[in-house]
Every structure is written in C-alpha cells, then in structure tokens.
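Protein sequences, first through last, are from chains A and B. First residue of the first sequence: 1, per my numbering; consecutive thereafter. First residue of the second sequence: 1, per my numbering; consecutive thereafter.
These are computed hints drawn from the structure, not numbers from a lab. Be a bit skeptical, because a hint or two may be false.
Claimed, not checked - The list that follows gives simulated cross-link-like pairs (lysine-lysine, BS3-like), each with its CA atoms no further than 25 Å apart:
#	chain 1	residue 1	chain 2	residue 2
1	B	Lys145	A	Lys102
2	B	Lys145	B	Lys365
3	B	Lys365	B	Lys61
4	A	Lys429	A	Lys116
5	A	Lys102	A	Lys346
6	B	Lys61	B	Lys47
7	B	Lys157	B	Lys86
8	B	Lys145	B	Lys157
9	B	Lys74	B	Lys263
10	B	Lys86	B	Lys74
11	B	Lys74	B	Lys61
12	A	Lys429	B	Lys532
13	A	Lys116	B	Lys532
14	A	Lys346	A	Lys429
15	A	Lys298	A	Lys102
16	B	Lys458	B	Lys415
17	A	Lys429	B	Lys108
18	B	Lys263	A	Lys346
19	A	Lys116	B	Lys74
20	B	Lys39	B	Lys74
21	A	Lys102	A	Lys116
22	B	Lys47	B	Lys145
23	B	Lys145	B	Lys74
24	A	Lys475	B	Lys47
25	A	Lys346	A	Lys143
26	B	Lys462	A	Lys429
27	B	Lys47	A	Lys429
Here are the chains, one letter per residue:
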Amino acid sequence: MTGWSQLELGGSRRRLLQQTSAGFGWLAFRGLNMQTATAGQPVVAADEAGGAAAGGQTAAAAGPLSPREPHFAARAKRVIFLFMQGGPSHVDTLDWKPELQKRDGQTGGSAGRVGKLLAPQFQFQRSGDSGLWLSALFPELAKHADRLCLLNGMHTSNAAHPQATIALHTGSVNFVRPSLGAWVTYGLGTVNQDLPGFVTISPVGLGGAQNYGSSFLPASFQGTRVQPEEGGIADIRNSRMSPSAQRRQIDLVQDLNRGLLSRHPGHAELEGLIQANELAWRMQSSVPDVLDLSGESKEIQERYGLQDAATADFGKQCLMARRLAEAGVRFIQVSRNGWDQHRDLKSALQRNCEAIDRPIAALLSDLEQRGLLQDTLVLWGGEFGRSPQDQGSSGDGRRHNNTGYSMWMAGGGVRGGMQYGTTDELGEKAESGRLSTHDLHATILHLLGMDHTRLTYRYAGRDFRLTDVYGEVAKDILA
Amino acid sequence: MMHWPFKNIFCLACAFALSASVPSMAQDSRREGLDFFEKHIRPLLAKHCYECHSSESSSVKGNLKLDTRAGVLKGGDSGPAIVAGKPAESLLVQSVTYDDPNLQMPPKGRLTGAEIEALQQWITLGAPDPRSGTSDTVSRTTRLKEGRQHWSFQPVKVPQVPQVQHAEWVRSDIDRFIRARQEQSGITPNPDAARPALLRRVTLDLTGLAPTPQELAEFVSDAASDDQALVKVVDRLLASSAFGERWGRHWLDVVRYADSVGKTRNVPFPFAWRYRNYVIDSFNADKPYDRFMQEQVAGDLLQARDVRERSSNVVATGFLALGSMDLNERDVDQFRLDRIDDQMDTLGRSMLGLTLGCARCHDHKFDPISQQDYYALAGIFASTRTLSGNRSRSGGGNTYFHPDLLADISDTAAKAAMDGRDPAQLRAAELARADDLRSTLAPMVQRYKALPDGAPGKAALKQRMTALRRELQSLQVAQAATAPGAAGTGKGAKAAAKSKTQSKQQRLEAVPFDPDGDIAMGVSEGRIEDLKLRVRGEPDLEGDLVERGLPAVLRTVGMSRIDAGSSGREELGRWLASSRNPLTARVMVNRVWGHLFGRGLVETPDNFGVAGIQPTHPELLDYLAADFVKHDWSVKHLIRQLVLSRVYRLGTDIQPQQAALDEGNQLYWRGSLRRLDVEAIRDTLLQTSGRLEMTRPAGAPYQAEFTGDLSRVAARGNTPADLTLSSPVRSVYLPVFRSLLFGMYTAFDFAEPDQVNGQRDVTTVPGQALFLLNNSLVADASERAARQLQSQYGDNRRAQLAAAWRLILCREAGADELRMAQHFVESAEAEKSGLALLIQALYASAEFRYTP
C-alpha cells in the first residue's frame, strides 16, 4: 500500500519544489493524486471545486482540500455525525427488550454484573411501514422510521468515557491518531474551498482536540470548531479595516511566510500555516453567511425548534449542520453531552431526548426536501450504551455498557426501516450483526466510496489506516 | 470477572497426550477428525468462546485463548483447557456442562445438548485440531520477569562518552553523543544560528519572553567569543524571575494544574494559585528536583526548618488535590476511587512516565503492572485525606464548597504541626487569645477616640492597636478555616447573630474567599488503611485486600517498609527521590530536553512504558540523568548544560542534502523551528507593545467574580475570558478554568488541564490566523507598538521599520523586506496607521510564532 505521503520521504518532494513555482499547493495535490493512482483508480481533476472556489485564490485550486474522487462509486458524499456523549441508554431508546421488561427487578445478566434488571423506562412502539421498534422518547424521529437503519449490534472495547469517546472518533484507545473526520477529508478533500472540509459544532471537552484532530495527517484535515454560543467562529470579522486593505496585509504576511519557507523547503507546518491563512481569509466572507440562521424562514426555524427553549440549542446546531452540508462541507459533527445516566435516568433521558428529537426530525426532512439526504450520511450515537441492570439506591440509573449498544444511520446509501444487529435478550451483549468501532468506520468509509484497507497514510515508516488491521463493512445495510 | 476460578488443578501433560494420540489414528480417521473439528468445533468455539478467549478479544479472560491449538493445550490461569481423550477431566467440558456453579462457561448461557456432546466427542477423538499459531498468553511471573527487562526499568548506567572526529566542533559531552551519531550516518550539522536568532531562541526558551532591542544590540556587539557571550546571556536569563514563570508553567502542564474543578459542577479552586506560585518559586530557587518531588507527594510529612518552610511544604501537596472531579458524583466510593485514580495517574505519568491508571480495571495491557499493583499503590492515597476545598454531593448552589476541606497554613498551624501539638488544643488557645485581644482592644479604641489629634502617645497607641488587630484577624481567619462545621462558636455575640441571618453556605463561602486567608489546597494523613481490589474497577465489586506498597516491577529499587501508622506517602516520596530510581531522573531530563529541542529523546514524555517510544539516544539520556543526579538534581544546571551545547545553537535551515539522509532530524543536524506556546505568544505581544506587567499579581484577583458553578456563570454571558484575558499580567498568572479556556488558548493548543500533558499539540488551523488578523488584543498591541516607534523615531520611516523588525522579530530586516514594508505602509496609510498595520503583519507572520 502506497500512501501519498511517500513523496515526503524521498528526495523527490524537494526536487519538485525546486523545479516548480507552483510550490507546495501543487505538490500536495500531486501527492494526493498519487494515492488514487496507485490504487488503480482514474484521477479526476478538481472540477467540482471550480465553481465553489470563490475569490479565485490560487491556493484554492490545488490545495490539499481539493475534492478527490473516491475509490469506487460513493453512496454518500458527506457525513453529519450527531454525537451523543456519555453513553445513551440503548435499552430505553433504540433496542426494544421485552424480556428485560418481564424480568424487571430480578437478578440477571452475565457473571459479575451487579444491580437488578431494570425494565425499559419508556414505552416502545412500532413505527412507520417498516414497524421499527422505537421508544416513545422519539415521537418526531419515529415519523422517519422508514429512513432509519438501527444498528443494534454495536460494541466497543472500553467502558470508560474518555477511551471509548476517543476510540469512536479515532479508532484507537491508546494512541493519538487522526480522527474519522480528518481521514474522510484526507481521502475526499472538500467541495467548498472557502470553508473548512471538516467542521465540528460545540465539540465535547472529553477527548478534547483529539476527537477532531489530524494527528500525523497534514494539519489542513483537522476539524474546525464552531461554537454557536460564542458567535460561531471566534474573530471571524474585522471591524477595523476594509477587506481590500486586509488582503494587502495578508499578502504581505504571506510574502514573509514564503520567505521563511524558502529557507525551510518542505516544512509541513509552515506549508499548513500558509494554507490556513488563505482559508482564514476566505472564511471571513463564507462563514458568517453560512452560520447566519436569520435568513431561514420562520417555518424552518420553528421546525427545528428554535423558538422553544428545550430544543433551541440543539436545533440551532442541526440547522447549522444542514447549512454547512448544503454549502459543501465534507464532514460535519454536532455534539451533545449529558447522556451519562448513572442516576436520574428517567428524567434526564426524557430531557435529553426532548432536546434532540424535534431538531433531528427537522434535519432529516429538511435534507430530504433539498434532495440532500440521498447522499448525506447521518449518523447518531454515543460512545457506548447502558447496562440492563440498575445502579444506585434509587434504582433510577444504569451503568456503562460497552459490549452491546445502539446507533442509527440514515440517508446516503443505507437501507431505511431496517434493524441491523441484535443484542442478547437483555440488551447486554451484541450477538448478531455485531459492529465494532472499526467495523463502523469501515462501513462509513465504504458508503463514502472508500475502501478502508486502501485509505492509508505513511507515517514513521509504516502505512496507517483508520481501521488499523481490523474492520469489516456491514454490507447488509447498504441500500 | 470471568476468570476460571481453579488454579492448577488439571496441570497434566496434555501436549503429550495429543501428540501421542493423533499419529496413532489411521490416516482417514485423522481426516475424519479434522472434518469433525471444522464442521462442529470451530464454529462452536468461534460463536461462543472467541469473544473472550482469542487474539481478537478486546481483553482475554483468564489468560485463556482458544483460537489456536497451542492455546487450547496450554490453557489459561486455571490450567489446560482439555485433556485429550478424556472429556470428563477436561476443564472445557466441565465448564460448559454448568455442573459446577463456580465454573460455568460461556457465561451468557448454557450450550445446547448437541453442542456439549460434540465437544465431548471431539476430545474423545483426541481433540484433532489443524489450527496453527502459538499461544502468546503469559503468566504473571513471566510477564513481570520480562517486564523488568524493559529499558526504562533498568538502572541508569553512566555510559562511556564516545569519541568524535570533529573534536573542534563539540563544546561538551552532550555534543559528543550527538556528533558521534551524525558521523556514523555521514551527516554534517548546520552552521550555528546567527547571534540574533540564537538570542531570540534562548530568551524565549528560558523565559518565554522576547529579547528587548537593547539586549539584542548588546549581544550582537559583544566582542567576546560566541561561547563567552552566550554564557553571559544564559546566566542572566537563568537568574531572572521570568525563568520560573516559564519553566514552572511547563510543570503545571504536567500536573494538570487548574483553578477550577471542572466536570459537572465546575466550582473554582480559589487557593490553587498558592500551588502555582510555589511551583514558579521552586524553579526560580532551583530547588533540587528530588526534593521538589518529595514535597509535592509528602510535604506535610517532611521536617521543616521554620514555619515558612512548613507552610510551603503543605502548599506543595496541592499537587495531589488539584484534580478534575465530578462533584455531582453521589456515590461516595466512586468519588473517592476516582480521586485516587486521578492522583495515581498524575503521579505515574508526571514523575514516573508510567500510565498506572491503566491498571485500575484490569492488568495493564502493555506494562507489567497488575491490578494488584494498582491497588497496592492506591492504598497509599486511600490513607490520605485530600484537601481540595470541595466534596461530592448533589444539588445546586455552592454546597460543594467546604472550608473544612482545606489546609491551614497559618503560622499557628505550622507551629502546631512542628511541635506535634493537637490542633484542637491550639484552636482553643487561639480562641482564648482572640477573646483576650478583643477585650484589650475595646478600651484602647475608646481611649484613642478620646485623644485629640497630635496628642502625645496617640501615634504609638494606633501602632499598638494595628498590631493587635492584625493578630486578631489572623487568628480569626485561621479559626474559620480550621473550625469544623462553620464560623465558630466563640466569636462573640455579634458574629453569632450575623451568622444566624446568613445561610450556612454563605458563611462557608465568605471565609475561604478571603484572599488573605492562610489557606491552601493540599493533603494530610487520613485514616490509614489498605484498599480492596475492585473487580473491573467497579467500586462495589470488592476483591481481596491489597497491602500498601509499590508496583512489583518497580521494587528493584527498594522502598522502605510502610509504617502501619502512616499512609506511606513519605516512603513513596523518598523512593521517588532515590538516586537509584530508574525513572524519575530520566523522565525529567527528557522533559527538559523536549522543551529545548522540540522533541524528547523519548518522544512520549509521559510514557516510558512498553507502549512508549524507545529513546533515540539512550546513552545520552542516561548520561544526562546521571549528570542531573550528580549535580544535586539541579534543573538550572541541566538547562544551562543543554543551552550551552553546540547542538542547541544550530541554525534551522533545511539543507536538502542532509534532509535526504535524515528528514525527520532524528540526529539533530539542524535546529528545529518550534512553535511558541500560547503564553509566549500573548506575553510577547504585550511585552513588545509595552503593556506587559511583570510583577506577580497578589493571590487570585479574579476569584471574587467567580464563586459558583462556573458553567452557570459562563451561561450568563459573564465568561472568565472577558474579565481576565485582557489583564496585562503574564499569562501564567491568568486563571485556568477547566472546560472554560479562553478562545485564544484553545486556538493555540493550550494543554487540556484535565490530565497530565507533557507535550502540547501543535495544530495549524485557520482560527489562529483569524485571531492574529482580527482580534482586538493584536490590533491594540500593534497600535501601541506603532505609537512607541513613532515617538522614538519621529518621521524617519526607514528607522521605524527597521526598529519594528528588531522589536518583534529580533533581527535586522533584509533590504527587500524593508522595500516591501515601505511600499505597504505607504499604500495603507490612506486608510489607517500604516505602521500599525505593518506591525500587525509581523505579529501575524509565521516567524513571530516560532523560535528561530
């Protein structure tokens, strides 16, 4: 497997730099071409970018973020990942367990488990034509049942929040590795060169920047944080000078930077910094527009629940996600924490679900109406689930459960109205249709048209993959 | 736990049984047997057993792997899984029949009758099994024995200093180690950096500040040799108080320093700053690092020369109290064990470079550290009372705060501790003394008021009153801090009446927020006890009691036996500080090297375990560690050695020829451009624009603003950033509120303060450019700096521009740069101060953000 970064290892990169005035941007593009070329795929020039690269900046035409063709026909072009940190209780939401209902209050489950079995705390009902079982906590989402593919056989290797969160985002518990969004952006580039390819809205603190980091991948693939509560992206406007004056200033900065780079040919950080300056410049006009929700109709705002205090925060984030998707951002993550119900299971879960149910339903129908859902993969879920056994004296809580839990997908190339995978009769362990973190990642990459075994990056003398040496695509869920 | 509970019951020579039985079968019956395996046994094992008993298992249970023939034969902790030919004697069969309540596999549910029969039949056939591969599970003793061979557990060996061909190049033994490796690889190092670049490098590295134009002029014009001129600069920098502010901050990264507890109820630590100042002062005083470690782990138990030292020692133990905790955690055991885990993890990674926390729920996946080891060490912390000022409980408001859970560092408390007196007695004495003082003061006040101004003795009377009042005040503060419960009982009628009208919580808050209070975070000895192992780390799944002590793999260097009446922290501290400890000196010299060269000799500074990366220059690492210990663990000595070396001085230019041989600069043939950390960016912005306030602010001036759950404060739109980032003090003195870091800090990769962080991320994101181009902090600094230069150089544009380069980039501008700048300033002038915009461009340039 040849990663495109092999160029960086030999002398060829430096020779190229000396020979061409196009410099790093061209080189980076060449490098990326190498990747697909070695994979035996036709290399298609970045036409897709042409229209979107407003401003006509040279770096836009051939930067590392230029769109690239996947390995094979993609079912999805972009991802919206709705990450629910803390371990949402699958047995109360997405994984209907009548046996658990029956055995409420009894002891049960595998050896070493403590606590008594706690029945699902909310009613489940069949929804849609497909008759998917969904908890009453999602009345709005239930209307989209026929678009959902429930992944009931999820499992992950670690039952602690930080490790499992980082594993879900990077595939690795012990090592700092590039995040899923960074891999996707590395593999496919992004359509809109005026926006980052990977945006994470209100990322959770746990795991920190690792969850959207690029690790050894070039810095351009790292996620850009958007904090809606702090006005989106900090310092996105300059009130002190006109755009043309600022452009002249940036030109000067870049001239100085290129001077420094000329003494340090091939210095990846300096190259990344120069590219980041250009992206920052373009983002100043593109980001405020794309994050400005005021232009959305009242009907849309209401649909996302922006008027209601319970749903406003998450609704805003979902609406932003839709706008970013529409604008051509490749990977968008929305995060919400507070799903760690060791106690107050009933009330907290109800509150959480209420906050997201309406906004997510609005997102799905909005994407559908705009013709985006068919090639947008929407993924919902947390780092693990919760135990069928109760916890604490009140009995109104559940422990972590990493051996079986649930997520769902919708849109881009996945079958709707499907339940894929099962846990045992109590919801403790994934039995059929088992999906590990690596399997999940492999499946996501597959939907995006990438073979997870071929998406590699050479670093420290070895080809790295998002899925390490694991991962199996869940073929049954493909539409 | 799903370990098979039997040990060594069926340790028969099964391998013999199998090898004897298989060849004895006829060829076709052999094939039949293998077919049987493929048809019935392999699917069964895969379906029911592999999840926990194969190489693919996330954690192999009971050290048993059933995915190779060797694994089946070797068995796990309970012995071999099968006795070929004898199903009844095979553990595998015994467990699947569920006959023994202690041995029931698979745990999910009993196999079907047909499946059990198949297994029995297979074993009767002699357990034919075509699977190859070796079983790599190892017993704990083997693991420990092999684990001890890991390089970092080996004693530090003073290596022989290698010979080099280019003897004229080297300045010290450090250079000999570096140059010898370069010579072996045919690599030629870069020429030295020019003096201006070197000055900027060493000034930023040692103080986090930029050299002033005067310092630049002096250094450049110093007629002394490069060696001598550099020595002068280095000694000046090492002696400046900015040194401790820089290097103290590096340590604060490592000990997850913060001014709030983080997590669900993010209440402030109003006294964390004492520990922060202690760290800064320790680096400035060049406190021997062995002593520094001991104080942080067991300062409260060390002998002190005077009350000041005693108090400082207690403050040092703040190290153990600063962790991020979930105050909303109502499960008291969970809370306690989480805190111990934070202490273990911090101690392990900061001082030992070991991820001890990994062994909380199971044996360490990589290092030879068992779960037993974890709980042995955890017992030391379980026997320690952590005084962080807050406790776990539910509900809103500020009820997490409790002054009873803080350390009293008043002189009286220090005296009591040094004399071995009972603090309660002392408190009673203090109360009596306070009453005395009040009754003495009252008539004096009357007398004072009655005296006309200028009357003889009035000034003296006032002096006397002030002294008494001060004493009274200190007594009251000390009492309030130490009195269990609340504002005491003997404080007079007025105070009591007042307290009735206040809620208890308000009273609790009122005391600790007194910025003059002699109160600190820290630890003291708690109820001495050993801890029970917790199965899977679950608080309520108690295992065996584990005697307090060190992890077995580290017992190569002895720790004195823990006294039954003490927690063991003192012994632990002595062990850390032992010159024979293989880890502590290595870990520290590697940290220092990393800060000066951009990358540690061990690239994983917080992990010297098996999953860490091997040192690039193991002999040099040992040389430095030994030299460090030999020089009384002096951090300043170590840094001085390193920055005076030749290798530290090299220019950063990338030479294609050398890069072709060693692109990653593993052999240090060039200096590396190193990104300034966010503190240095902010401090030099303020410094070069003449705004930086170099004096240390008293206490924590922001604390009055933030007394509740900070996330709620922030939700009200009153973020700590608004109130403090614009303050002109050095960044190290700004509060670090967990999960509420300043935007600038996040953009420029400040260390996440939830856990140990010996190496900050270096990211390159548009947000950094946006900050430098658009944030008012940068624009203001640019305008200030421009005004400064205008007042110095009048209308002389060329002089202004040249001075701007010296001020901000610490070098002379090139002719083409000056031309470019002049052109830019003139064309920008129409709109704004062109000079200010130029200066901002310099701030926004890559060069400003890197040490050259």
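To see whether the hints hold, each was checked on the structure:
no.: 1; hint: B/Lys145 - A/Lys102; verdict: violated (51 Å)
no.: 2; hint: B/Lys145 - B/Lys365; verdict: holds (16 Å)
no.: 3; hint: B/Lys365 - B/Lys61; verdict: holds (12 Å)
no.: 4; hint: A/Lys429 - A/Lys116; verdict: holds (17 Å)
no.: 5; hint: A/Lys102 - A/Lys346; verdict: holds (19 Å)
no.: 6; hint: B/Lys61 - B/Lys47; verdict: holds (16 Å)
no.: 7; hint: B/Lys157 - B/Lys86; verdict: violated (54 Å)
no.: 8; hint: B/Lys145 - B/Lys157; verdict: holds (20 Å)
no.: 9; hint: B/Lys74 - B/Lys263; verdict: violated (46 Å)
no.: 10; hint: B/Lys86 - B/Lys74; verdict: holds (16 Å)
no.: 11; hint: B/Lys74 - B/Lys61; verdict: holds (14 Å)
no.: 12; hint: A/Lys429 - B/Lys532; verdict: violated (28 Å)
no.: 13; hint: A/Lys116 - B/Lys532; verdict: holds (24 Å)
no.: 14; hint: A/Lys346 - A/Lys429; verdict: holds (22 Å)
no.: 15; hint: A/Lys298 - A/Lys102; verdict: violated (46 Å)
no.: 16; hint: B/Lys458 - B/Lys415; verdict: violated (34 Å)
no.: 17; hint: A/Lys429 - B/Lys108; verdict: holds (9 Å)
no.: 18; hint: B/Lys263 - A/Lys346; verdict: holds (21 Å)
no.: 19; hint: A/Lys116 - B/Lys74; verdict: violated (37 Å)
no.: 20; hint: B/Lys39 - B/Lys74; verdict: holds (23 Å)
no.: 21; hint: A/Lys102 - A/Lys116; verdict: holds (13 Å)
no.: 22; hint: B/Lys47 - B/Lys145; verdict: violated (35 Å)
no.: 23; hint: B/Lys145 - B/Lys74; verdict: holds (20 Å)
no.: 24; hint: A/Lys475 - B/Lys47; verdict: holds (20 Å)
no.: 25; hint: A/Lys346 - A/Lys143; verdict: holds (23 Å)
no.: 26; hint: B/Lys462 - A/Lys429; verdict: violated (78 Å)
no.: 27; hint: B/Lys47 - A/Lys429; verdict: holds (13 Å)
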